[in-house]
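Those protein sequence lines, which keep their order, are chains A and B.
Just so we're aligned: the first sequence equals residues 167 to 348 in the numbering used here.
Just so we're aligned: the second sequence equals residues 20 to 1120 in the numbering used here.
One should not assume that every hint holds.
[Said to hold, decoys possible] Not the full set, but computed from the structure, chain A residues with beta-carbon under 8 Å of chain B: (1) Val193; (2) Val200; (3) Gly234; (4) Leu251; (5) Met254; (6) Leu256; (7) Leu259; (8) Glu268; (9) Ala282; (10) Phe291; (11) Cys330; (12) Tyr333; (13) Gly335.
[Said to hold, decoys possible] Now the stretches of chain A that chain B is said to cover, found in silico as 3 or more residues with beta-carbon under 8 Å: (14) 220-229; (15) 235-244.
[Unchecked claim] Restraint ranges, calculated between C-beta atoms of paired labels, are given here: (16) B:Gly780 <-> A:Lys196: 58 to 68 Å; (17) A:Val248 <-> B:Met518: 39 to 49 Å; (18) A:Gln305 <-> B:Lys144: 40 to 50 Å; (19) B:Arg594 <-> A:Asp209: 55 to 65 Å; (20) A:Gln198 <-> B:Ala66: 27 to 37 Å; (21) B:Gly977 <-> A:Lys196: 35 to 45 Å; (22) A:Val248 <-> B:Ile858: 47 to 57 Å; (23) A:Val248 <-> B:Gly780: 51 to 61 Å; (24) B:Gly447 <-> A:Gln198: 56 to 66 Å.
These are computed hints drawn from the structure, not numbers from a lab.
Idealized CB from N, CA, C, for every residue including glycine.
The chain contents come next:
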Amino acid sequence: MSASAVTSMVHVVFWLVPGLERRHQMVSVKRQMVVNDTAFDVDVGLDDTLLRVIREKIGLTGTKEACGRGECGACTVLVDGVARLSCMTLCALVTGKVTTIEGVARERPDICAAFADHGGFQCGFCTSGQIVSVAALLQESLPGDPAAAEHVVRDRLSGNICRCTGYGGIVASVLALAGGDR
Amino acid sequence: MTGTLGRHVRPIDWQQRTSGAARYTADLFIAESLTVRVVRSPHAYAAVRSIDTAKAATMPGVHAIITIADFPPGARYIHEGARDRPPLAEGMVRYVGQEIAAVAAETAEQAAAAADAVVVSYDRKRGPLTIAAAQGAWSAALHKRTNGKNISKSLHRSWGEPLQGSSDGVSVDGRFVFSRQTHASMEPNSIIAQWDAEQGCLHLWVSTQAPIFVRDEVAQILGLAKEQVVCHEVFVGGGFGSKSRISEHEVIAAALALKVKRPVRLVLDRNEEFETTKSRHAFHMELALHADASGHMRAITGRFQVDNGAYDHSGMSVTSAGMKGLGLIYRPRSIRLDAQLIDTATLPGGQFRGYGTTQVTFALESLMDELAGRLERDPIDLRLQNANRDGEETLIGARPRTVRLADCLIAARDAIGWDKLRNTRPAGHGVGIASGVHLSGSYAERDDANRSDAAIDMLTNGKVRLRFGGADTGTGQRTMLAQIVAGELGLALDDVDVMTMDTALTPFDLGAWSSRGTHYSGHAARLVAKTATKKLESLAQGRVLPIGDLVALSNEAVDGMLTVEASFVETAVQRPDPKTGLGNVSASYNFAAHAAHVKVDTRTGKVELIDYVAVHDVGTPLNPAAVHGQIVGGAAMGIGAALGEDLVFEQGKLVTTGYTYYALPRAADIPSIRSFIVNCADPLGPYGAKGVGELGINPPPPAIANAVADAIGVRIRELPITPDKIVTALARKEGRNRHFNIWRRPDRWWIAFVRWAYPLGLFRLLHAWRTHQPSRSVPPEIEELAAPASLDEALSSLDRGAVPMGGGTDLLLRRSQMLSTATRLVSLAGIADLSQIAIAEDGAVTIGSAVSLSRLCAPSATHPAVAAAAQSIASHQIRNMATIAGNLLQANRCWFYRNGFECYQRVGAKAPCYAILGDHRFYHAAIDGHRCQAVTPSDMATALTALDATIHIRGRHGTRTLPIRALYTGPGQTVLQDGEVIAAITLPAAARTRVGAFRKLNLWHGDFAIGSVAITCRIDEAGCWHDPRIVCGALAPVPWRAVETEKALAGRKVTAALLRAALDEELNAKAHPLARNAWKLDALAGLCEQAVEEINEKVGR
Ligand code: FES
Ligand code: FES
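Assemble the whole structure, with the sequences as input and the hints as a guide.
Right, dumping it as structure tokens:
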């Protein structure tokens, strides 16, 4: 989809006729969503979170729900390259391009492989969110000093809870990836 | 060892687990599925008079509602034979969250709406909510018990020689509390159940560690044959013990599937996860160690009270396992222990990694340090002297073949730099050590718990598949099994597939618990692979042929597949004697020593881990990376228990129902844990390996407690070691006291009177007669959502109850917490004009209200103090979404208010403030608290107040500009009227000339402030401070300025000591803390001192 098409969507405005009786019928709008560079036409309820639409309407189940309220990072996706929590994002308000774990894994298989090599995951339930966050982090350059780099990595990944690994393997994965470009 | 065994390999499922392709239960969307919502008890203890489902049953989308009446009479879970727990409440509810009924409906919203409409009438009773209350003379008896009121079980253990009087020895003792920890697995408990009427078969996809237990209990309760219940393979997102037995949702979903004849789906939400996952049992332990003068341990004696919660779940075996743990690490000559399992009307305790040994290890290893202190011995030397050795039968009948505890201790000592740290540690630093032990699969519960089977299918294409009945919850067990099979058969790892969990297709195994995976499944896989090798050799008859060709030669192959099976039975183990507990319950025992180097901030009580070393004796590691993963993951959980994790209850209801309120470690809270493996083949282990899954969690609490004691000279005996405990202990040690002289402050008399009256009956009155909120678990639907492009447009749509929304991170949360019923939302985040940061010629900075916190993190963007505050807030993702105005305007974060307590702030005057008597140590006011004790949570407000920021407000009827101190009227409450929004925030030009520092104390990286401090001033050439601003956040209902202190410091060269003296005086004159939060004054004063030091450092003084 072209960039201009995306910007034209920015002004899809959801002015709805007030006072409509909508007791048992969710108000929904037709949207075109660009997810992992593919356009999807979806019916989006005003209550629908981006997470719900990705998982249940588009059928990409790699993005996980672990808390559903912004506490854990399992649902992290990129919107125009910026990491966001899809569980706390109303889908109807999303105008940018969405990239989920499925897209990140395709574009950055090296991150997935690094996680496999360095013990970056165990159960894997937080992993989608971790890898998406790492992809966003690696767009920036890390300090050259390893201790300073670790500090930045740990701070940046503190919004992604992992209950299995104790984070050591995740941090090691990122440092190994970043080390490659240094 | 053969093949890849002993080497690092990528997990065989790495591509699935890292690409989003792995399917966990909730990822399976089966056509025609209904969604289930459970109706739960809001009361801790009540008789259920009636359950009226009539209205709910007729609601749209509803297909069925079940109650206990839908089960056969007397249906109970078996568990340890306790049989005290029905599948849905029967007559009584005994804890908040207990399942009463369940609804299956077309959509999640319809199920929730119908669940809300189920009318349950209760006869509320006063239940025993704590161990102490349960034993009170007047307390109600929760169950009919034969051991005494509210005593589920008693256990006495006496091992070794009779106790002798020890005139020449030394004894140390103490009372220790290990509080409740919850697993908080990232994958919520989930199940999909489908009844196949034709085959008479109930299919389950369920997130579990032990499919066979789920199958057996579901079959038992629903009156089906075991073969009629089939668990299928799914990915499982962590368990840590919580999924090693059945919970409640499995049977509920199964019963509904049978009733509606359609697939049903039940995924717990995070509230339910916290509220109903059976937590680690809290242990209250009195323990004593007795040693002779040379340090030889003579005896361990103790008395434990275990909080069983409302039902028996595994309390007895947890307690007994803990007791045995005391007989495995060292070599006492005698052990005498008594324990009672106390019934309380709270969430039942359950299985948790470490299983009782975690709790007792905390007490034992803390006392070992005290013993070393009494004997003036080095703590490691004393441990080495007493460490268990191999080849000896221990007091408890265990016969470990390999014990490398001493090696672990020595390696930990060297790795942490023990001697150097002990001799030359800087002030506030400390180092601590602790040992630990665990089993490799306990021969407990059932006669077949020493058995594990496996099967191998060999295909003509040369691939093989191992079938195994356990479940890999993330431990890497599938990879280890594949390594074994590949190694034995000489195959590449890629040629081996592993199928698990499926109770119809895989042979017998009891699942992943008691660290049994390595030993039992390792042997089973080894055995079946050897059987396969033999079979292939007999087919090959000396020829060298690929496996596929050999399978093709076999006349036993069916459809091109040759199958072999094997059953492993461990004969070296014994079931423990029920009377004495004696017996060698495990084939091998794994040992560990951990060392912690901490830095304690004595001003704020914050413990920082500088370095952490974990050394484990795991036999021969089969997959070293996976072993390190288990060690480090376990240690991180143990560190969580040591420093923050705690389930807090009030009136029996869980307060800490979410990750936000539960201080489990985030990435920045811990250092890289350094793990080491002491390699030593155990003769009984598969290829010499021992179990490893649980032990990592045991040593951290005592290792850290010992390090903290080393650092500050005070021992904390009650977990978790949070800043309040340290600050309070230090104040006591140093004899510091604050006096607030409330009697001289008439403006506080009324509040003081109310607080006095609360425990005397006022609270109970308000609690009993409070206004009730209509029960509701989903917010009203959003009816209108506007994304205007300009502020004017936005203002024109802010009518009829429409509310403005910034990033949505608080508003959407408040909707889900039933704190906002707004259905018309106006998003301001996309308005370009509000997203600018503009710098005027004079240097004044105007920040648009929709500027994200991320953009403010750069020190050059506005002011370094603002940047520091922004950087301290929540997480990277939240900072990307949240706006500055949203941060300023967020509602208060009181954990009672937010988490469903019908409190004054939520439902109005006819309700109590739960913070007055509840846990208010962290997030409540110590100054100026009134009817509500909450604080304004915004860290931005703290920083902006210290910079004299002004707030520009726009409404349909005009604009107004306020100094930020005039914005707030109460905790998270502002002067903003309906239809008004913040348009911008301006830092005056003078802010540029201010040097400033922002400091914050919290429980985890990104948590809301326990206290935050912003100090700014102008400093002249001579180094004198002018016009200082000292602002404390989270200390009072609104950002609190220490105006007297500001006056006292103006014009002076300010040092930390100078500030502290003035501030203490002001705090004592103005504070009115609650019973347990006066420590916050010390901590905030400490933060202020640090801010002063930071400022002086910045200007080079
Ligand atoms: S699921 Fe979105 S933050 Fe937890
Ligand atoms: S790998 Fe299990 S939660 Fe992170």
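Tell me, in ascending order, the numbers of any earlier hints that this structure violates. 2, 18, 20 and 22
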